[in-house]
Amino acid sequence: MATAVDSHRKRRLRRPRWIKEPFNSEARAGYLFILPWVIGFLVFTLGAMIYSLVISFTNYDLSTDTATPVGLSNYELLLKDPKVLTSLGNTLYYAVLSVPLEICFALFLAYLLHRIPDRGAGVFRIIYYLPKMTPSVAAASIFLLLLNGNSGAINGFLGIFGIDGPQWLIDPNWMKPSIIIIGLWSVSGTMLILLAALKNVPQDLYEAAALDGAGAIRQFFSVTLPMISNALFFCTIVLTIAALQVFDQAFLLFYRDTASGSPDAALFVGVYLFQQAFQQFNMGFAAAIAWLLFAIILVITIFQVRFGNKFVYYEGGR
Amino acid sequence: MASVLKSQPQAAAESDPRDKSTAAPSKHFPWYKPRSIVGRIVLWALLLGFSVLFMYPFVWLLAATFKPRQDVFDNRLIPETWVFTNYVEVWQQLPLLSWISNSVIIALLAAGLVTISSSLVAFGFAYFRFPFRNLLFGLVLGTMMLPGAVTMIPTYLIWKELGFLTTTVPLWGANLFGSAFYIFLQRQFFLGLPRDIFEAARIDGCSYFGLFWRIAMPLSIPSFIIVFIFEFQASWNNLQAPLIYLNFGSPDQYTVPLGISYAMSLFSPTSGGEADYQYVMTAALLVTLPMLVLFAFGQRYFIEGLAGQGRKG
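Same order as they appear, the protein sequences are chains Z and L.
Numbering of the first sequence is given in the numbering used here, commencing with residue 23 and proceeding in unit increments.
Numbering of the second sequence is given in the numbering used here, commencing with residue 2 and proceeding in unit increments.
Isolated chain L, as found in the complex:
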């Protein structure tokens, strides 16, 4: 039984007529692949050239973290004098450990909560039939286009009113209520599940919540992962919200983006720093690494999630 259930979303995904991306035919030599040797050389040269352009800042950053202060600007990709102390000193110069743990906690809460709430709402829209369903779902899609700038100020005042201003609650609290884009994404996934399994489960006496908890959720793990890692990344990278809500406390309470922004000012010569940019660079590398690891493990989900976006238009 379990194996039958497991194979179904797979089959559903394959039979989905919109999902041709996985079935791109490569049997014959398509016209748009260059036939001439020159064309192929140009193509690969361009691909490699752009790779260098995209990778250069990373290599430069890695090199900078091994340089003493006066060499950071020399732009050598292999440091003239190797210095390994940056990786030790940065922890003493900046409360990096607090920033990382703050960011991890906030990102886990934000991603976990939005995954659960959005999937509940998405299941409500995907399975149940109720009056005004399409109207309400239209509103969900409408809020997706709503610029965040409009609600930024009242949201701040709402959190102030509720007394959460000096806490991290405003950074994940709104995720309790689902997020339009993720609701859309998960609804698409739930709609791909055949309705028959749900009807069968209902006849067998499964509760409405059981439909979600015992059938829809186990069958939609990929969409849960997509939502989780997208929101984790968004939360980890979020600069504006911590600027608004955490900027008044001590630097220990900062998140990673706010902390790096603080460090950029701290060491900047224009504001009295000593241009210790090697520390900023080391910190920047250290906070980018978790995202690269996330991408390494979740690459498939990132690409799937993004490819899905183009189809909604």
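Next comes chain Z alone, as it looks inside the complex:
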């Protein structure tokens, strides 16, 4: 009698066939190990995203912690507020310019380092990496003076060639390029990833290409580029996501003081979002901006992945 009950219970507890692993003690221990991440995910990722979506449909009053539902009006404000469009345009301008420039510059530097013996490359690698170790505030305060239109070293350098350097930090046309210059100065993280990829390209591919009569340029486009396309693809996606959220340098150079009166030429979505949320305390509207930014990042990333997969070469197929 008892055995019949047992077997009945066992049958009821049997897991569905599509779950391959059993719920045994190993599984329970595994869940215990990943528990910290699960809690963090539920609270600070999934929970936070739902919370943020809810807030975006309300007017959140920070002093009383009450949220008044306002329907779609925050999203309507996205269309009405001219600064949203300005900041979006600025952000896209920055991303479209900075990402290809950083990739090309990083690839060029990696290529140079790849061409010399490893011992010499080590020294240059350290020198090129130092800007990446500099805190963004330190970089911003140095470049605040270097980019000064009247007495900055950069315009002094341009002056040697008879070029009358622009007012980098005041002229709206040159504010975004200023931030791109600082970004290029600390490009070395990307450079190291691409250098590792270059070193991973098998030698025999070059030898085979050379035997077939391919010159240096042909080898670069037909061997090197396809073989490192994976790393290039990865860097492009990561840099694009970062560029669309750019904050530190623009904030430090232009919007540090609420009364700085800097033109909106470097007002990126990340900066405007911060201003709305933590200076104006319009949490609901800021949450709506955040969702707009998220949607844009998502669309661009999906587009890049779809488009990139056509060009990325995967060793051993996909």
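Because the hints were derived from the structure by calculation, they are not lab data.
Just so you know, these numbers come straight off a predicted model, no measurement behind them.
Be aware that a few hints might be false.
Covered, in the sense of this in silico footprint (three residues per stretch, anywhere, with C-beta under 8 Å from a C-beta of chain L), are these stretches of chain Z [as the list claims (entries may be wrong)]:
| hint | region |
| --- | --- |
| 1 | 64-70 |
| 2 | 125-138 |
| 3 | 153-163 |
| 4 | 302-315 |
C-beta atoms are modelled at their ideal positions from N, C-alpha and C, and glycine is treated no differently.
With chain Z fixed as given, assemble chain L onto it according to the hints.
Coordinates of chain L only, in the frame set by chain Z:
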């Protein structure tokens, strides 16, 4: 026994087919190294030229810290009049010592906690087999791509709700729960360890936690160091979180980045300062130095950690 164990991850790393970076052949003269003298001169000139470009701001900064106020903008790399008082006065002008100690405490907490939590989670994903493992790990990878801007506002409200708003907790608290990129990194490292040692230890009666604590952890010290120094740097450089969470207290509670940002405004002529940029420059140099020291000691780990990133795509 210990020596056998120690040599194993080394062997595992060497036999890893993806890890060809260390074994770049340099026996023959590869095609891409310039053969002609002219090519070599151009190459070295470019390398040195870029070195000058990258180093110039540092040299300029170092020089500026030894200049009196009116000379900061003269762009001389060797100061006309040497002034050593900036290094003394900056401590009186700005609460730099408080900033540095705040930043050190926060960075140590942030890095220490994220190293422990991420490695626990990573070991869970690397060793154990349980239902929905791949689905959950896919979610981990998914959160890596999630822009921080989306969760910034609710995270602030969550910390506010929990009553941690005027403390430094929001600057390291979330690190208790692991971080996607570090989980990925450490999982890769744990997967490189041969499963046989764990099975053997299980037969010898080792507990599941013992597998992590007594086998996986001692064998993965490099990956622990990588995660620790990456997060230490990230925390030390973080500007946005202190801006959100610490900007309302007195300047004594600031971290280094927030403090320098405050100093930039304090001395800026547009906001009523007297353009005492020599102090900002000295402070900027002083807070960059710890990072340069970190890099000097952990260079290998930085490069290894970054090179690993490219392989995950």
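Taking 8 Å as the C-beta cutoff, is the stated coverage of the region 153-163 of chain Z by chain L satisfied by three or more residues?
holds (count 10)
For the region 64-70 of chain Z, do three or more residues have a beta carbon lying closer than 8 Å to a beta carbon of chain L?
holds (count 5)
8 Å C-beta test of the region 125-138 of chain Z against chain L, three or more residues:
This one holds; 6 residues, not fewer than the three required, reach chain L with a Cβ under 8 Å.
Holds or violated: the region 302-315 of chain Z covered by chain L, criterion of 3 or more residues with Cβ-Cβ distance under 8 Å?
n = 6 at 8 Å, threshold three: holds.
Hint compliance for this structure: every hint is met.
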